[in-house]
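Visitor: Residue-level listing of the chains:
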Amino acid sequence: MTSVVQARAGNIETHAPQARATVATWHAGVWLVWALAAAASVQLASSPVYVALLVAIAALAVSAHARPGPYARAFPVLVSVGVLFAVVRTVLTVATTHGLGTVLFTTPHVVLPEVLGGFTVGGSVELPVMLQSLAEGFTIVGVMAVFGAFNGVVTHSELVQSTPRAFYEVGLVVVVALAFVPSTLAAIGDVREADRARTGGRVVRRGRLLRHTVPVLELGMERAVTLAESMDARGFARAGASPRDRAAGWWGVASLLALGGAFVALVGQSRTPAAVLGLAGTLGLAAAVAIASSGRQRARYRPTRMRRADWTVAGIALIAPVGLALCSIVGDGSLAWYASPLRWPALHVVPALALLPLLAPVVARRRGLA
Amino acid sequence: MTARRARPLLVYTLMVVLGGAAFLYPFWLPSTAFSSQAHNGDAPLVAALVGALVIVAVALEVQRGTMNGATVAILGMLSACAGLLRLLDLPGGGSGIFFLVVLVGAAFGPRFGLLLGLCSMAVSAVVTGGIGPWLPFQMLALAWMGGGAGLVGMWTARLAPRLEVAVLAGYGWVWGFVYGAIMNLWFWPFARGGALDWHPGLGFAATLDRYWSFYVATSLGWDAAAAITNALLVVLTGAALLRTLRRFAHRLEPVVEFSPLDLEPASAERL
Amino acid sequence: MSAISMRGVSYAYPDAERAALTGADLEIEPGELLLVVGTSGSGKSTLLRCANGLVPHASGGRFAGDVVVFGRSTRSHHPRELADVVGFVAQDPEAQFVVDHVERDLAFVLENLGYAPDAMRRRVEETLDALGIAHLRDRDPASLSGGEQQRCVIAGALAAAPSALVLDEPTSQLDPQGADDVLGALTRLNADLGTTVLLAEHRLERAAPLADRVVIVDGGRVGTPGAPGALLAGYPGAPSVTRLGRVLGWDPPPLTVRDARAWAAREPVDLPDPPERPHHAPGEVLLSALDLRVDLGGRPVLRDVAVEIRRGDVVALLGRNGSGKTTLLRVLAGLLAPAAGSVTTVDGARAAYVPQNPNSLLFEPTVRREVEQTLRLLGTRDHGDVDRWLDALGLHDLAARHPRSLSGGERQRIAIAAVAVGGAPVLLLDEPTRGMDSASRRALDRAVTQHAESGGAVVLATHDVELAARCATRAIVLGDGDVVAEGNARQVLAGSLFAPQVLRVLPPFLTVEEVERELTRP
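From first to last, the protein sequence lines stand for chains A, B and C. Going by the numbering used here, the first residue of the first sequence is number 1, and it counts up by one from there. Going by the numbering used here, the first residue of the second sequence is number 371, and it counts up by one from there. Going by the numbering used here, the first residue of the third sequence is number 642, and it counts up by one from there.
I should point out that these hints are in silico values taken from the structure, not numbers from a laboratory. All clues given are correct.
Among the chain C residues that face chain B by a calculated CB cut under 7 Å, a handful are: (1) P697; (2) G701; (3) R703.
Here are the in silico distance ranges between beta carbons for each label pair: (4) L104/A to L937/C: 52 to 58 Å; (5) V548/B to V203/A: 32 to 38 Å; (6) G963/C to V387/B: 56 to 62 Å.
Predicted model only: the values in this text are computed from it and were never measured. For every residue, glycine included, the Cβ atom is placed at its ideal position computed from N, Cα and C.
Bound-form chain A, shown alone:
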């Protein structure tokens, strides 16, 4: 199932290298915070009405801020994946759940053997079951829409550049990989044509996989070695490991142990220690990253920092999930919708207003160039 998801999401081609277009949009960090806030909001306000609002906000974001190139396609692709998933899920649920409400129609049914669970597939198709499962599927569509918008809007190179200094080498691997993509694609094309040329234009299928993959890999490895020499000759990894890296390593171990402790506490039914240890683990890892980053004194060339406007907008976006959490604590009943008893989903003013801050990066434009 997830392979289909991956395959569908993977049908986006990389764009041809061209002169760069600068789009005046928010910093990648802002969009990341926005995406996380919006995803949390979908979970907190899972009623179809609110989710529809969020999908609309995401669609607005894409239409206003989409980057040129094929990345804008991420939104429709991911949304359609979500829809597909929801439909399949609904069919499965409807086919296997019976005896809960008004029957729409009946289909022939088969009882599965004990090995596979022993329940009935087919039979009565019931309205509340279908509606409930459609509503839950819709929340998945909501999450997909949020991340589809994120992928369509964010400048990935900026995202990679903004990784903390502690992860510089790993980030560099991603940067180098992206720089290698066009030449790898070109090499694949060349190899396929050379193979056809060898046999005078005829395609010989036998052993073709090997004749294609080995030259591409060899070419790639030779290029990688050339790049490695160039990087060495340009002083890469001059600084070496610092004592702060070792300290960061130990902080990392301690944090993982704390998280492990939280897991044990959860299984052992104690809430408070679990929450405390979980929080401690998370903060410890943040500290580890900070220590490692501070140990690397390395100025970046013309970094794109988050300015005050960026921080403000990111903060505004965070108001939405916080507000919805407050509504849920207060006991607003419209946030979650259930199919029985059957009624229209309610739209309350306060939660709807709480969703509005997510519009902040969508409607506001950053002043000045990117």
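Please arrange chains B and C on chain A, whose structure you already have, making use of the hints.
Guide: Just chains B and C, lined up with the frame of chain A:
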């Protein structure tokens, strides 16, 4: 074993335990204190967060302070190839990324295989515009596949080439199912409803039962196809690719032998 | 005090049977441009990499002797610690970019060396101006031409203002225009900034006049450096005018066309005209194309092109980059369908295409198996064709070696053998001499002439006018998709900007060999 050498092992063990606990949550979360109907859908996102934290810790550790130019360049190039392979729509939903990660892990060792798993999934997500809460688990699963292949490779390097390829093909076949099972398990709580329902309060056996039914119903077919594809690709290309990759292994950690400075020309020829 | 001093350097790659360098002694003066010359596999590249520590630290292996670079010994200094005094540029321009953004890639060395942000900005702007690439700063390197890419790579190596620059065949993958740009930039750097330049090159026509001194490397041994004219006179890969000077007894032999013309004016040469080419009457038509029109990516690449290939022809296809040479070859080979027009082969005569990059073909572990693979793919039996082609291209001694351990020129020859063994009468070679040293070029000349004389035909798409001058019987010039000139090789080459060096000095002679033949004729 010194503390310095023990630390990486500790981190990798914790990575497996915590990562495994994170995505196996449908099995143990029902029996805990945090079960409430209204927040079922949160669990996958929280699990993703835990997965991301685990990746952060592993990334801090596996860099070991610094990587040399050859490691970064070769990792980058192989991540690009693997990331592009994911774009290939193979029959039955199999993906070319797996066989390459397995072979590279076997050729270059567990640490490199782990890094390759993490980086190729990240590159693939950037190239295809597929960043989302599913990404931490994809990265972890592929990292385990690559690291495990490295451990297997350390053992099979002593075997005959055909036997080695057969073992790695089997490894790829098994991991076709494991990878699919991991991603399914993570998605599963989204698929609530009816007899296949998961909700907190179920016992372990009942959960397992339902998960098995869900898995069979939705993705056993796909994953079987992916597993066969993995094995087939390894069998067809394994020998040649392993040979190619191993030729470059000495570049990752070059070993230099210096002769003493005043060497006669005659003895210099004997090098 | 010398800038770079190598004493008694011997080196062997890991798992190699023979040493790559033995007892190398070399002193490089600060501010000079030293040209390193040698055949492939002679140890040139190894010598260059010793100068910045890549050998032995990046490749491993066994190292003896000492290399001192501006006071630092490479025994104790890793290449990354020498990055502020020595810059390095390799052959393949595409593979030397870390980031897919020119300006950020340029700043990579500055980030590594820990420059402050203001200093970084200043250095980047200065370097962009020094190499004249300021208009390329926001571009993706993959979208640039070869010459532009290589200049950006040089900028990346130069950003930290190193005192020396080491370049390993920087122009071998470039077209003549790009090569000119790069060598011009190097000369300016050497003259204006006083950067010491250590340069290895095959194509000496352009590089030899720029050098202060030349050193020849052969079989791992480094000769004594000397003046270019004197040292290159006896070298088989010398520029054509230099070899001409040696044949005609001009001493010191000229390095440029201008010097050669001065000599010819002082000591006029009176020789009978060379015989016409081709030596035999042309045979029947093997392949003909009419009214070809090809559109690629919406743009017309070939407009109304008609071509006829006869038995015994060696046709040189000349033209600027982008004029449609490769496209025409692909259409003739049947790999690309034209939008209009037709390609007809007579008597089932096939055309086999050898691509520009030989690395796209090679995947077997030995040379012999690579050539045999084609026969296996075509399903035909070997009637001694494999050995015939291995001999024709001078690959017999290398038959058991791994193709990837050989040089670019040798790989190119293997690719040609692997395609030609299929028995196609018409061979279409795309830029065959790219990256070839003189030994490979001679082997190629022999193979091409032999194939044409034994009843086949060869079409060479090339920028290398010397190759066209040596082998071609006919020439076709393409310009912007049209056939601009066509006819006898001597006539076409004489009337265009594609004239080889000898033709500019002693018309109507095309090559030094022709002059030699007329001289020794009784």
